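Chains as they are written, first to last, in UniProt numbering: chain A, 1 to 155; chain B, 1 to 155.
What the hints contain is simulated information worked out from the structure, not anything from laboratory work.
Hints are all accurate, no fakes.
Remember, identical chains collapse to one label, so a pair may be satisfied in a single copy or spanning two.
Straight-line alpha carbon distances no greater than 30 Å define the calculated BS3-like cross-link-like pairs of lysine-lysine that follow:
no.	residue 1	residue 2
1	K128	K13
2	K13	K108
3	K8	K21
4	K15	K128
5	K38	K108
6	K56	K108
Owing to the predicted nature of the structure, the values given are computational and were not obtained by experimental measurement.
2 protein chains.
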Amino acid sequence: MAIEIERKFLINKEKWNALPKPESKFIRQGYITTDAEKTIRVRITGNEAYLTIKGKTTGFSRTEIECTIPATTATEMLQQFAITEIIKERYRLPYQQHIWEVDVFHGKNEGLIVAEIELENESVIFEKPDWVAEEVTDDSRYYNSNLSLNPFLNW
Amino acid sequence: MAIEIERKFLINKEKWNALPKPESKFIRQGYITTDAEKTIRVRITGNEAYLTIKGKTTGFSRTEIECTIPATTATEMLQQFAITEIIKERYRLPYQQHIWEVDVFHGKNEGLIVAEIELENESVIFEKPDWVAEEVTDDSRYYNSNLSLNPFLNW
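Turn these sequences into a full structure, and let the hints steer you where they fit.
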């Protein structure tokens, strides 16, 4: 089990577009359960698949339990039990001591780009690259589980 | 993915007690999600652990997707996210062309014994051994997910 401490930001699209970028990986994910206590996510990326249970968010922190599962099983789970799916590309960009993960959404969330930084603890001080804009950690609309229920294009 | 066709029976305790029995295996399981559409079960037996998603029951049939997960992860999932746990011993007894699985419940369901037979399709004809008593397939109180919420000792 891990405690996930994550902060989430919008990006400056002009600066983002001008940025030289590494290769992205394609992620397909869906939620089997989303309730007040937890979300259960199935994610497929390449030949790998993961099942992840996340608890309630307290401050910036959240309990997370994850394991790998066969990709064929993950596909079946998504087909049979996922509420809806999220399609996104993920870029990993190192900046100073941290890795920024940038999700470029497609499908029903086309046009949305979100940058995340994972921290060792809540008090870590970090610097934002200039293409990172306002923080949206507390805005629950940007939770991926909510983006699957109420996607960006509907806002 | 599999379609599970299962019928469930109570047993005649006197005849059951007199029966020579094979070794049983110990099962610890809990439900991470139980809603109208599906249940998500985590089961640990010996060093093996499974995550199973079951859909709605229609007649005697039910969609089921299962995968193995690490036992340590399963233990964490049960501790963090299970509603309550079910403890039971399972016996497997061959009778004619079928295997009967008999669950002897412990903990909050102490005293309950349930026999199940899994069938290839809904129209298969099978014979009951004499220690098998009335059918309870349609009685939702005997669903393991419900036994974890409303255990036998509370009935």
